[in-house]
Each structure stands twice: as structure tokens, then as C-alpha cells.
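Colleague: For the protein sequence lines, the chains are A and B, in the order given.
Numbered by the numbering used here, the letters in the first sequence go through residues 1 to 366 in order.
Numbered by the numbering used here, the letters in the second sequence go through residues 1 to 366 in order.
Any given hint could be a false lead.
For identical chains, the list gives no copy identity; a pair is met inside one copy or between any two copies.
[Stated by the list, open to error] Within a straight-line C-alpha distance of at most 25 Å, the following computed SDA-like cross-link-like pairs (lysine to any residue) qualify:
(1) K312 with T161
(2) K312 with P146
(3) K348 with E63
(4) K348 with M295
(5) K348 with V147
(6) K348 with G126
(7) K348 with A205
(8) K348 with E128
(9) K312 with G301
Read the hints as simulated data drawn from the structure, not as lab findings.
Bear in mind the structure is a predicted one, so any value in this text is a computation, not a measurement.
2 protein chains.
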Amino acid sequence: MRNVTLLGTGLIGGSIGLGLRRAFPGVNLVGYDRDQESVDEALERGAISRASQDPADAAAGAELVVIAVPLGQVQPLLDSIAEAVDRSATLTDVGSAKAEMVLAGQAAVGGRFVGGHPMAGSERRGIEAADPDLFQDAAWILTPTPVTSSGAYAAASQLATTLGARVVAVDPSEHDSLVARLSHVPQITASALVDMASRAGDREALLGLAGGGFRDVTRIAASDPGLWISILRSNRAAVLHSLRRFGDSLGDAATLIENERWDELEAWLSRSRTARLELFAKPDIDGEPTALSLMVPDRPGVLAEVTTEAGKLGANIEDLRIVHSTEGGRGRLELVVAGSDEAEALSKALEARGYHVDHPDIDFTT
Amino acid sequence: MRNVTLLGTGLIGGSIGLGLRRAFPGVNLVGYDRDQESVDEALERGAISRASQDPADAAAGAELVVIAVPLGQVQPLLDSIAEAVDRSATLTDVGSAKAEMVLAGQAAVGGRFVGGHPMAGSERRGIEAADPDLFQDAAWILTPTPVTSSGAYAAASQLATTLGARVVAVDPSEHDSLVARLSHVPQITASALVDMASRAGDREALLGLAGGGFRDVTRIAASDPGLWISILRSNRAAVLHSLRRFGDSLGDAATLIENERWDELEAWLSRSRTARLELFAKPDIDGEPTALSLMVPDRPGVLAEVTTEAGKLGANIEDLRIVHSTEGGRGRLELVVAGSDEAEALSKALEARGYHVDHPDIDFTT
């Protein structure tokens, strides 16, 4: 990589720049952003080696052009650079919806456009938050089509792996459908569950009845609404399709309940359980995951005490969560240890320190 | 409490017995269970002071009769003891659905029946799992009605507080509606989300795209399907009603998306966000919750190292979770520290130990 252009120097563009310059200190990295402050800051932070005031000027001569602007700004940008970019240059982007984007990109530069979607960093914004390690160990989706040039795919792929990400190739429409199902519909669902639960119930009763399950299911409902609107807008068609199908699926479950077809409902719950366990199965766990649960005072040092005991015994803590008491002052610590022998040893050690340890039959590792 | 009868000596009945006898060593605690092995084991473990082979015999002479059998067995049990119980005795139960149960109980003994639902221990079964601390700090719902006698309510309430629980009074139908909305519908929803997400997507693509949000939302889909069928059966009418209304609510969201009424959708997401934050607001947090995130190797001792640093600095860890890398060998540790100064100090200490610490803008404390 010698000549790279970044169109957009916010969180994602800035992080790409920082990571690329760390990996290839000699790279000629030109940056453009319609926000002059952002591009100045990118230059100051070393996320680019030269700032440009014009996208066509910035893109000319680059082997790789990375488009990292909000979805609504991509089309005008493509229009203004299509003539200027080298005929051999690769164009790629980082947008969260891919089908329309890939059509637009291929209309501009044919098979040299490769859609991309790094799965990291969406919660924060701006060059200030840029981080060369943002993509470390994250998935970086690429969405090649039959017309994609293999050289362009290789270049986009190299960008991702250089930044520490692993490439996953998915068809553009399949991508949009998958993110709708894995992220966008779950988000709407969590908000709808909170909405339904909180309606006409006093807080004390709600809190008394809401267990850890409700807390987990609705956690993402606390996310930034403005950010979510922009995400949902960008993937409107796929979200709508999946949301309607999801509604049908809940309707099917309701019909089973209405007609008391409990065997079918149980079979359906079992299939989902298996799918969930398989999806998040941890590949290399040593020993059977075993859950422990204990009440702890809510003060500094308690977690250290518990986890230090585990460390001393060589017990690897696979998962841990803290359930605060609604009354404050104390909470329940739930942890999963690899191996039942290790769990037993840890349990004994904690009992010796005065903790009362339970052995709940819970699956929160998964 | 001098004369108490336990009808049903499984997990819940056995735990009540152990807790009561610890609090009142002199209590005359008679137990009955249609499973003779269970009642024998209860006697052996000291969860009851005398075993009886007949429910009417067991209930005669008791001031308090606690019914802790599966929902389907309650009506015949009420029929067989109604004549035998003292006219001043209090009857209470522990079932997870209350409207029908309260009607049946009041038909048998009038206002001396008080419906109850301790919010603890539902995942395990049997006297083997009984634990006198099972109800410690849990909510114990009581469902009085206008005909409930105040003496009976006081007795049921004393039972709950003796066992360390806190009493929350809710109308029986309101209870059923609330658990449907807070627990039963979220459970079905989590299963339906997994079902939709896993259909027609290869595991690698699914894993690449599924973030921590999806993991949280669907965690409870790994629960025991058989147990859930019995819960859903017991609250069929309220579940059905809430599930249909929930479907309508998702349909409304879909309509907003279809018609691009983004402002309304954002307002709806914002209301849910506020409701979620208010519901689980921790009452006594010292300082602003501040999130940190770092990659850690997946081996014993790492959690101890991190949490010990926090303890040394007096930084209280409010929440913590481990996101395992899908490739194994390492994971991301996300924690929330009370107070931004404390978070900054911990971040510096961890950086000094070679960790790279991020400051994600996430809300998983909530």
C-alpha cells in the first residue's frame, strides 16, 4: 500500500488512517472530509499524511479509496470522484447497509467497487474517538458480487487484515437481511418490550417481578435513539421485511398457545435453544462450564477478592455478571468457571472466606 | 409461628421449611408431599419436623398452611383440606400465576387465602436443591383482594419477611399481566429472535454480524423448554393477551418505518430508553458510571489482575462482562466503574500493566 485516500475522517475513517499508518509508516495517505475541522484534526493526530479540500483531487492517483462518510453523502461523493480515480484503483466503503451501496458503487466504477462493513465502533463518533486498534479481532464484512474484480477484492481484504480484522464475505442483500435479523429487529424488539412492560405498572411491582432475564433482553433499549434512526433508515427495506416476518413468527407462537399445542411450542423452543447454544458455543473451553452464585457487599475490592481466589486455584472464569440488589448496598455475583472440579474448589475457598455460594442451574455463559 | 404445614416439599417448599426452622427452631412444621421420597428427604434434611401421609391430617391444627405444589395439583389439594383446616388458619401458595389460583383459594376458605409468588429459585427442582437462603433479598409478591382478611395477609407477609424476602403487594390479575409482560413474552421473543436470525445464514456470517446486543437479547433462549412450557401453560390467558398486544406494537413500529415517520419512531425509542434507564437505575451509585473496555488473554488470573487493580485504587466495579472472542484464546473485558476519576486512574494503571484500554460509549450497566 503506497497511495491510499480516505474520504471521511470521522471515527471509522480516522481509525483506518491511524491503523494503516502504523502498519505502513511510508504510506501516502490523503484525507478529505467536508468538515474542515475533522480533516485538520486527522492531520494533527497523524491519521492522514496530507489533507485535501476536494474529493476528486484527493482520490486522483490512489490505488485504494476508502469511503467512510454517512450513507446519505455517498452518492454525491461517488459522482464527484468517478472521473478522477485511476482506472485500476479499488474503491471500498464502510456503510452499515450494502445492497443499494454496492449498486451505486458499481454504477460508478464497475467491479472495482467492493462493499465493506467493519463490525466495530458504531457507538462513538468523530476523529477524537479514532483508535488504530478499533478493528482488532472484529469481523469485517466484504460484499463481493459476480462482477467484483479479484484484484479489488484482494485490496479491500488486505485493508481489513492489516487493521487486525478478519474478513467475512457475504452477498450484499444477504448482508442487509442478516444485520436486520441480528441487530436491527432485536433493537426494535427490545424497545417494544420495555414499552409494553413499563406501561401501567408501578416501579416497585415492576422491579419485584423483573428478573435478570428481562434486564438482559432489554439492555440495548438504552442505546442512543438518534444513532438507531440513522441505522434503521439505511436498511429500511430489509428491516421492514424482517420485522413483518418476525411479527408473523410471534403470531404463530400465539396460535400454538391459544390452541394449547404445547408439544409443538416446546419443540420450537427446543430448536431455538439448540441454535442459540450452537451459535455462541465457545470453541476452546477447558472443562464443563459450571455456574456459581453468591451475595456480595457492593464495595471496592470484593470482585478482586473473588477473582483472586479463582486465579490462585487456576480456575478460569468464563463469564461473570453482577446483579445489583434493587435496594443497594449489595448484589449477587454470578460466575461461570471452566470445569466442575475447579468450581467446587473455588466454592469451598469462598465459603471459607465467609461467602455463601449457590450453584444455580443457569445458562448465562451462552 | 408455632404450627405450620407445608403441602409440597420440593425446592420451594423445602427451602421455606429450612428457612422457617432456622428462624424458629421450636416451630411444629408438618410436611406432606405426594412423592413419599421427597417428604422423607425433607424430614432427613430438617426442612420439616414431622412427615404426614395425608394432606387433611397435615393441615389440621396449623395456623399457616403453605401450598407449594405444581399448579395442576392445587385444586384437588384444596378440596381435600378445606374441611380440615382451622377456621382461623391462613392459607397461602407460591404459584407463578395468580388470578385463577386466588379464585380457587377463596372459594375454598374465603378471605383467609392469600396468593403468593416468591421471585426466586425457579430454575431448579426438588428437595435436594432446597436452600434456606433461597429467598434472601428476593421479592415475594402477595396478591390480596378486597375480601382478604388482614390477619391472613399479615401471616403471609411474616412468612416472606422471615425468609429474608421483601413483600410487594399486587392485584392478582395485574400480577399475571405483569409477569406475562416482564417474563413470559420476553422469553418467547428471545426464542423467536434466535429462530429468525439462525434461519438461512451460515454460522461464520452470523457470528461475524452478531454483536453483544444480540447475545444479550437472546441469552434466555437457552433456558429449559420443558420448564417454560409449564410456566406458559399456567399463565396462558395473560400471555396470549400480552403477546398479541406486543405483536401489534411491533406492527406499529413497522408502519412508522414503512411510512418513513422517523421523528415518531425516534420519539418512541427515546421513551423506551428513558423507561429502561429509570426502571433499573441503581439507587446509590457513587459517582458517574464510566465504561472501560480492554482485550485480555483467556486464562486464569486475568480477571483477578484487573479487579485487584481496581480494588487497590478504591474503584468500585459496578458491572463487568466478558465477551469471548469467537476465535478463542482471548476476549474483551468490559467494565463499568463508579466515578470518572476512578475510571481514569484504573485505566492508567491497566495501561501501565500493558493492557490497551478503550472507553466505549456503552450503556450495559443498565
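Colleague: Run every hint past the structure and note whether it holds.
Modeller: Consistency of the hints with the structure:
1. Proximity of K312 to T161 under the C-alpha cut-off of 25 Å is found in neither arrangement, the shortest distances being 37 Å within a copy and 38 Å between copies.
2. In the homo-oligomer, the alpha carbons of K312 and P146 never lie at most 25 Å apart, since the shortest distance is 55 Å inside one protomer and 58 Å across protomers.
3. Taking the shortest alpha-carbon separations for K348 and E63, neither the intra-copy value of 62 Å nor the inter-copy value of 39 Å comes in at or below 25 Å.
4. In the homo-oligomer, the alpha carbons of K348 and M295 lie at most 25 Å apart inside one protomer (15 Å), although the nearest pairing across protomers, at 30 Å, exceeds that limit.
5. For a Cα distance limit of 25 Å, the shortest separation of K348 from V147 qualifies neither inside one copy, at 62 Å, nor across copies, at 49 Å.
6. Proximity of K348 to G126 under the C-alpha cut-off of 25 Å is restricted to the inter-copy arrangement: shortest distance 23 Å between copies versus 49 Å within a copy.
7. In this assembly of identical chains, K348 and A205 lie within 25 Å of each other by CA distance neither inside one copy nor across copies; the values are 36 Å within and 42 Å between.
8. Taking the shortest Cα distances, K348 and E128 sit within 25 Å of each other only across copies (19 Å), while inside one copy they are farther apart (48 Å).
9. Within a single copy, K312 and G301 get their C-alpha atoms as close as 16 Å, and across copies as close as 7 Å, so both meet the 25 Å cut-off.
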